[in-house]
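2 protein chains.
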Amino acid sequence: MNPVIDCLMNHRSIRRFKPDLVDDETIEALLQAGIRAATAGNLQQYSLIVVDDPEVKGKLWRGARDTGAISIIAVVDIYRMKRWLELNDAPFYFSHVVNLLIAYWDAIIALHNTVVAAESMGLGAYYVGTVLSLDLGEMLGTPEYVFPAGLAWIGHPDESPELRPRLPLEAVVHRNGYQIPSDDDIRRFYREKDARWEQMPAERRESLKARGIHNFAQMRTVGHYTEEFIRGESEAILKHLEKAGFGLTEVPKGD
Amino acid sequence: MNPVIDCLMNHRSIRRFKPDLVDDETIEALLQAGIRAATAGNLQQYSLIVVDDPEVKGKLWRGARDTGAISIIAVVDIYRMKRWLELNDAPFYFSHVVNLLIAYWDAIIALHNTVVAAESMGLGAYYVGTVLSLDLGEMLGTPEYVFPAGLAWIGHPDESPELRPRLPLEAVVHRNGYQIPSDDDIRRFYREKDARWEQMPAERRESLKARGIHNFAQMRTVGHYTEEFIRGESEAILKHLEKAGFGLTEVPKGD
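Heads up: the sequence lines are chains A and R, in that order.
For the first sequence, the numbering used here gives the first residue as 1, with consecutive numbering after it.
For the second sequence, the numbering used here gives the first residue as 256, with consecutive numbering after it.
Looking at chain A on its own, in the form it has when it is part of the complex (with noise of 0.2 Å):
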């Protein structure tokens, strides 16, 4: 097609790194990527936070400690244009739904655009989503206003995994409204995914339905994020969103 789009093309999460880290020019080339995403308001309401310290990337995640990685974490930052609004006297009214939602998207593609840079380069990356639950103002030192909105670990491959099948684009995709998906087509959508039940080991099956998990929708859902998962994580970002200072169902006053 063309170069970026068989780089998008050609996306796979690494896990796997070798030794040496990212160098310096290579980490500002991806960050001045990053903040060349598109931005709402031209306000860039959003930090990247580059960590490649081992004690630090151990508190991100023990196992990160002596790996070749380096992290990326995209922040929602409304500290920053607070205090440029503090110091010209303008009123602050920007800690509610819309504007954690907008600075969040704002972040993300910031973060996307350093790891598709990196992809492009021959690094590889992958994002971990529990960086949401992070108490990032205790491991790093956030203020107010801030709060995870993406981590990337990135690094140089020491694995190429094949591409990872996705849902045909029919079960993605709508045109001019949603089409609401018949039982069959539901079916036919993830019959690729059901599929792999039958072909994984027999083993692994029985110790599986051992667990109370009997096909591969349990298995990908409820067997990977547990009841239990699904609370902590949501218990700990509505904990650090009150302590950031966003009103997640609190609205101004209005004018």
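It is worth saying that the hints were derived from the structure and are not from the lab.
Don't take each hint at face value.
Label pairs and their in silico Cβ distance ranges [what the hints assert, rightly or not]:
id	chain 1	residue 1	chain 2	residue 2	range
1	R	D261	A	E144	34 to 40 Å
2	A	M139	R	M264	29 to 35 Å
3	A	P91	R	R320	32 to 38 Å
4	R	P423	A	A210	53 to 59 Å
5	A	A195	R	G487	43 to 49 Å
6	R	G467	A	D185	52 to 58 Å
7	A	T249	R	K508	19 to 25 Å
8	A	T130	R	D261	32 to 38 Å
9	A	G41	R	A457	21 to 27 Å
10	R	D261	A	G212	50 to 56 Å
DSS-like cross-link-like pairs, simulated, lysine-lysine; straight-line CA separation at most 30 Å [said to hold, decoys possible]:
id	chain 1	residue 1	chain 2	residue 2
11	A	K243	A	K253
12	A	K239	R	K494
13	R	K448	R	K464
14	A	K253	R	K494
15	A	K253	R	K314
In this text, all values refer to a predicted model and were calculated from it rather than measured experimentally.
Beta carbons are placed, not taken as given, at the ideal position from N, Cα and C, and that holds for glycine.
Using the hints, position chain R against chain A.
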């Protein structure tokens, strides 16, 4: 650098489009690049809704009815997965804050891939944040557990704007911890923005002053995103989230 980084570095938001809509073959290429984006648990908890029908475009934004842009709306879509779970006798407790944010992340990077792919083909695009407050259930028939994440208008560019300035990298990037800026830091970071107040035509400045706006920070924030606007957007988002079944501050009971 390389063609991918060049493409990312050259992003401009394009708001004026030539009359001819992007053709179907190109749209499909954009969507294919979209669904190759990383996705949490390989579960693709999002959908992409292509809007090219003039009537439906007009619902999204009255002015869009007769433009040459198509719209791609990325939505958090936990409904499709719920249907799959139901067919597989699996419980559903994926409607909480962590599920919303993870699916939002997935949806945004799928959309961003389509936008980057479009830009690589010489097309132009711009994001519209107010999609978050739209009632997509009403407008597009989206079911429960579907919620807007992002919207891009995409078409053949009919303008070629300059690159917009960004904050200096040191303002946005932190290393191994969040460095709290001093007031002087903030002034330095925002110096170029602040200077734009004096660079505006005197007439413009005077009309802003008449509205109580006395510097660039006030102009770009409270002059643009009024408290009334933030309230209205936030209230609509909260209403539609509830209607879609998301319990923003509720958590599941745990195992």
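To see whether the hints hold, each was checked on the structure:
A hinted range of 34 to 40 Å for the beta carbons of R/D261 and A/E144 is consistent with their spacing of about 38 Å. Under the hint 29 to 35 Å, the C-beta atoms of A/M139 and R/M264, about 31 Å apart, fit the expected range. Hint check: A/P91 to R/R320, Cβ distance near 36 Å, so the stated range 32 to 38 Å holds. Our hint of 53 to 59 Å for R/P423 and A/A210 holds, since their Cβ atoms are close to 57 Å apart.
At about 48 Å, the CB distance of A/A195 to R/G487 agrees with the hint of 43 to 49 Å. A beta carbon spacing of about 55 Å between R/G467 and A/D185 agrees with the range 52 to 58 Å that was offered as a hint. Hint check: A/T249 to R/K508, Cβ distance near 20 Å, so the stated range 19 to 25 Å holds. One distance hint, 32 to 38 Å for the beta-carbon pair A/T130 and R/D261, holds here, with the actual separation near 34 Å.
At about 24 Å, the CB distance of A/G41 to R/A457 agrees with the hint of 21 to 27 Å. Roughly 52 Å separates the CB atoms of R/D261 and A/G212, a value that falls within the hinted 50 to 56 Å. The suggested pairing of A/K243 with A/K253 holds, with an alpha-carbon distance near 21 Å, which does not exceed 30 Å. Taking the CA atoms of A/K239 and R/K494, the gap is near 22 Å; set against the 30 Å cutoff, the hint holds.
For a cut-off of 30 Å, the pair hint linking R/K448 to R/K464 stands: about 18 Å separates their Cα positions. This hinted pair checks out: A/K253 and R/K494 have alpha carbons roughly 16 Å apart, not beyond 30 Å. A hinted pair counts as satisfied when its Cα atoms are at most 30 Å apart, and A/K253 with R/K314 qualifies at roughly 28 Å.
In summary, this structure violates none of the numbered hints.
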